[in-house]
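Chains A and B, in that order, are what the protein sequence lines are. Take the first sequence: its letters are residues 1 to 356, numbered as in my numbering. Take the second sequence: its letters are residues 1001 to 1093, numbered as in my numbering.
It is worth saying that the hints were derived from the structure and are not from the lab. Treat the hints with caution; some may be incorrect.
[What the hints assert, rightly or not] Here are the computed distance ranges between Cβ atoms for each label pair: (1) R162(A) / K1005(B): 29 to 39 Å; (2) A2(A) / D1011(B): 18 to 28 Å; (3) K141(A) / N1041(B): 51 to 61 Å; (4) H1028(B) / K86(A): 41 to 51 Å; (5) D4(A) / D1011(B): 40 to 50 Å; (6) H1028(B) / E277(A): 33 to 43 Å; (7) D1052(B) / R35(A): 40 to 50 Å.
C-beta: ideal position from N, C-alpha, C; glycine also.
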Amino acid sequence: MAIDTVKRKKFFKSLFKRAAKARRPRSVMFELTYRCNFKCPHCYVEGSDKSGKELTTRQVFSILDQLRDMGVFNIAFTGGEALLRKDIFDVLAYAKSQGFQTALLSNGYLINKDVADKLLRVNVNKIDITFNSLKPEIFEKLTGVKDSLKKVKASIKLLINRGINVKIKSTGMNLNRDELVSIGKFARSLNIIYNLDTEVLPCRNGCATAVLDYSLDPDEAAELRKAVYPEMFSGNRKRTRSKRKRDRMFNCGVGKTSFSITPYGKMNFCLEIDYPEYDILKHGVKGCWNRIKRRVDRLNIARNFVCESCDLIKYCGWCAGRSYIETGEFNKCSEYFKERAIRAKKRREAEWTRKK
Amino acid sequence: MDEKKVMRKSDDVVTREIEGKVILMPLHKSSKDLNYIYTLNETASSAWNLFDGKSTLNDIKNSLAETYDVAEGKVEKELAEFVKDLKSIKAVL
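Isolated chain B, as found in the complex (with noise of 0.2 Å):
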């Protein structure tokens, strides 16, 4: 993970907050991906909230780290497979 990396949330991604689930809307999917709904849990959408254009990828795993009371290394590792399925989806730049 390339923790100098300042990464932001793709403009064609909504995110929605519904009955307690925060859920990333693609704006543009495939019919076949339209049958799929993703959703974030509680340390993702923390994470996600951290994407903002300005933090680097060192900013948010500290912080993450300091919010969970967590090994950074642990953090470490978590973020960087986040980032990658966040990639998958096209829902970071």
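Same shape as in the complex, but just chain A (with noise of 0.2 Å):
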């Protein structure tokens, strides 16, 4: 008769590792609205139809409670800003009365004093900031909004002062590459966890105006991943080669262990697409799950798989879901991805010259 503590990042892995095999969801990211009181201008909602009508309180609840029944365990709530929906501290509460890890991806420009208090007695696990530069003009030029920096930052230590766990995040662009490893310093002397991801993403709906004028060159990200995270590649680190596989389509979580909610209630592989978009409130969250399942194998069991005999696959990140946005189908190559294996492959080869 015992209760064992055991550490969270060891149970989800065990946890994950059972429910992929089961195809089981466990962890959901809901957005809540797509409304924003910033206006970033690489943000991949935009495209997205934002004409539905947001789900309700009481829809919010139910979809909870569904999932709950199904046995997901991890919920981040996101937007747009989340923090604009007035319910937003009950469904935060009964997300947590209901027994799920809750997560706030958030703009953190909305959190005052109140708001942090009030995050604290729902005792969110998590909070989420995005975080892209430390030069106030470089700042605002990225949110739309002045004195945007001045503000976040305050936030952040409101939340920190409140013993919340925070982590912040960039998206590395052209605009602030010069920062990052001062943006991933501030991080640390806060101590708190900071995240970088070197990818721009397209829009929902293909625009890629975003990535072309924003993008890193994939060989300055490589470089500033090493700049910003030098414990990851120091010493005899063990080189992560890619896991995607020849023999399906979805390496990730889609149609195993997650997938993504819209503010209308329709039921999407991840955050990055519109689709399929299966109607929550006419199939129910189970309904939706089944179909989900049954579009992946269908598309999982492609036959002339693009990648089953690309030579660059163990160097490729190529995601089928991106390729439907940049294409508008899912078994294709990617141009972009293409290029950054190509230039990943060369890093390696010029890695192993090195060293002889």
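Combine both chains into one complex, guided by the hints.
What follows is the structure, encoded as structure tokens:
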């Protein structure tokens, strides 16, 4: 008769392994609204149809009940800016009361003392704040809001002072390339986690203007990752190879452990694409999940899978969803990823030559 | 162990069963505690289900001894330890 105290990470690792085998969803990204107080030029949500009717509080609660009954454990609430929803604290409190691990993804701008106190009361497990620059003028260019850096920095401190787990995250772009190491140091000085993503996502409607305008060169992105996370690249670190498989299209949690929900109650593969948009209000969460699994199964057994005989596969981060946005088809090579894979291969070969 | 004592589950703890594991999710934890998950083994989850706010610890002990066909003395010792653990994470009142 014992209570085992298990480290959260260890527990999740084993939980997700078992869930993936059994294809039971464990992790959900829940977009509560597309409304946002920032106007980030690189926002991937641009292009989504925003004319729908947001889920009511009652509908959100009903979806949470269904997710609980299916054994979902992690829910990340996002947007738009989720804090713009008037019922956000009711939603967070309800999710917690149903035994979910909750995360809130926010731009931080709306967090004042009162909001920080409420977030503490609803005991959210983690808050991710988007933080793309330490320079006020760049920050404002990337948010479209005056004095936003000062406000967001203050928000982060309010959360930290209350003992709330905070993570800051940046998208590496040509506008902030010189600051990413400093942002990493800023996070370390606050003793919080920093997450750098060196990919600018295309908009969901396929528009890649932001990718073209703001993306870093792949080699530069690789160097920046090393500079931001030196401990990950030091010593005899075993090089991580791409885990992509040749026998199936999806190598992520899609159709296995995860999905996303839109503010209008549609279920999608993930946050990056508006697909397949199964209607939860009509079919229920379980009905939509079963449909997603069948859809993924059909895609996974596609004939002439584009990566099947490609010799770049071990260097490639190709994603079927990204290909869908870029080309309108899942089973198609993406120029974006191909170029990155070619560069990665060259870097690896140069590294080997240096070692020899 | 006060055998006449009636204990109930705290409203601040949610029980979930995921992938065959019974998990206790305290609603109010410090950020340090958020790094840990509390899981119950089979006998512990049976015992946990008996904390209904009506049964005494003696009732719980007898029920477990009967279910698992174990000497009452052994169950009493383990139950006392379990109650201590539950109290430490504020799972019972």
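Tested hints:
{"no.": "1", "hint": "R162(A) / K1005(B): 29 to 39 Å", "verdict": "36 Å, holds"}
{"no.": "2", "hint": "A2(A) / D1011(B): 18 to 28 Å", "verdict": "24 Å, holds"}
{"no.": "3", "hint": "K141(A) / N1041(B): 51 to 61 Å", "verdict": "55 Å, holds"}
{"no.": "4", "hint": "H1028(B) / K86(A): 41 to 51 Å", "verdict": "24 Å, violated"}
{"no.": "5", "hint": "D4(A) / D1011(B): 40 to 50 Å", "verdict": "23 Å, violated"}
{"no.": "6", "hint": "H1028(B) / E277(A): 33 to 43 Å", "verdict": "37 Å, holds"}
{"no.": "7", "hint": "D1052(B) / R35(A): 40 to 50 Å", "verdict": "45 Å, holds"}
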